[in-house]
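Q: Chain residues, written in single-letter form:
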Amino acid sequence: MKEILELLEKDARLTAEQIATMTGVPASEVKKAITKAERDRTILKYKTVINWEKFGQEQVWALIEVRVQPQRDVGFDAIAERIYRFPEARSVYLVSGAYDLAVLVTARTMQEIASFVAQKLAPLESVLGTVTHFLLKRYKEDGEILDGEEKARRLPLTL
Amino acid sequence: MQNIRSPISQRVMKISPSGIRRFFDLVSSMEDVVSLGVGEPDFVTPWHISEAGIYAIEKGYTAYISNYGLLELRQELSRHLKSRYSLDYDPNSELMITVGVSEALDLALRAILDPGDEVLAPEPSYVSYMPCTILTGANFIPVPTTVENEFKVQAAEIEKRVSGRTKAILLGYPNNPTGAVMDRAGLEQIAELARRHDLIVISDEIYDRLVYGVEHTCFASLPGMKERTIYLGGFSKAYAMTGWRVGYAAAPAEFIEAMLKIHQYTMLCAPVMGQMAALEALREGEDAVKEMVMEYDRRRRAIVKGLNEIGLPCFEPKGAFYTFPSIESYGLSSDEFVERLIVEQRVLAVPGSTFGECGEGYLRCCYATSLSDIEEALERMRRFVSSL
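Residue numbers (our numbering), protein chains in the order written: chain C, 4 to 162; chain P, 42 to 429.
It cannot be assumed that every hint is accurate.
Stated by the list, open to error - Partner residues are not named here, just some residues of chain C that face chain P (Cβ under 8 Å, in silico):
(1) 24
(2) 28
(3) 31
(4) 133
(5) 148
(6) 151
(7) 153
(8) 157
As the list claims (entries may be wrong) - Derived DSS-like pairs: lysine-lysine, alpha-carbon spacing no greater than 25 Å straight-line:
(9) P:100 to C:13
(10) C:34 to C:5
(11) C:57 to C:5
(12) C:154 to P:331
If you are wondering where the hints come from, they were derived from the structure by calculation, not from laboratory data.
All C-beta atoms, glycine included, are put in the ideal place defined by N, C-alpha and C.
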């Protein structure tokens, strides 16, 4: 099971047959394992990593540090949920250190992000403060290097 | 040149240039070729290893070093061989670092052979074995292996060819080009005959880490074999470090001393920055090796299944990163088959005959390439064989 998940994490388009060939596990069992993982949300989603800059579409990213007041009984979870429900929030993490929640936000313009912070995020009751860092350049995304690919430069024929 | 009487040495004239040159020329003018013709990993060197090489250069490791190679690397290597194969090699006298295993092989042959001596080596085998033997003035005696034995060399076949001039057996397992792996019992029989006929064994184990579902047996670790074995290894295949050119030889001091004599006059030392990178590889590279081996294994299953399905029967190779499918039923020589496969479908493989006469009727297909390339190559090869 672990190997099937690892393979899919690297390449979501692998078919059950391909995985079966590569692992030596029968295709029917691979299919069953994948279905089970999809049902119990071990597999959340199959996505594509896209370099939007290359496509010509500008995209603004920001990492927002959020300091919050935890609440009795629910701790950070309730306020985290208030935040992660916003579709603008791509990723939300609880972190240790100088602030509490790290929120990764994307939008088409800086203005959109600014208004998200000013209108939606900062006014939330338990939010004590925010610091917004706009991303200047993305170098690596989900393990993929955006500019150029890491490939061995080999001759086509060697012995 | 016309005025110079016989300008090229007889020995050099005796070896023929590699027959694959023309395929190389053929594909270099083509686009969209899928190559199964490489003999090296498609992974780049793991970054922490490359970074150690860069750091070495930054720190000024840019000069000559000991002919033996970096002492720390020999010490680490000695520990590595101890823990992996329970072998005891003294880092001060029984280990030397070479420019790839290729140099180590050349040194080993030159150190032990005199003109007229004979070297027995299984075929199909790596392309350097015969020419490097001939360049010493010794004779290369091939010992054919067959698919019926999964290309494992049979001790009886070796013994049949032993003569008064036989000096050494040259083994290369896991094998390039077949992917064959010797089992312990088979090696023990060879050890027994090496003892009986007092032969030296040169064991090229560059692919030792690339085995799938079986154990690699190190020849020198067999009882009584360390004293008559020149063990050759390197970093190229396991750590994806082919371009760094770092290999090594481990053998009793007498052999290493002789090899070192040649090495110090011809090569001085292997590049120090490469040796620093190799040291990092030995110390911290184990996870990367395991990950790459797992990936090769997946591709191996895919290509073996695919080749068998499209009518290119191949036995299941247990080592290296090669498959050796048979093309016998198509009535073409392996050279013709490869040439037409390139021209008609733009897939590059290596003719089996490149690796010795008994490789005729086979292809070497390397699976150290992405799965999508393997699938594309298989589809094109299917189209090709169904057109024959």
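Q: Please go over all the hints and tell whether each is borne out by the structure.
A: Hint-by-hint comparison with the structure:
| no. | hint | result |
| --- | --- | --- |
| 1 | 24 | holds, 5 Å |
| 2 | 28 | violated, 10 Å |
| 3 | 31 | violated, 16 Å |
| 4 | 133 | violated, 35 Å |
| 5 | 148 | violated, 11 Å |
| 6 | 151 | violated, 12 Å |
| 7 | 153 | holds, 6 Å |
| 8 | 157 | holds, 5 Å |
| 9 | P:100 to C:13 | violated, 37 Å |
| 10 | C:34 to C:5 | holds, 14 Å |
| 11 | C:57 to C:5 | violated, 34 Å |
| 12 | C:154 to P:331 | holds, 19 Å |
Violated hints, in rising order: 2, 3, 4, 5, 6, 9, 11; the structure is consistent with all others.
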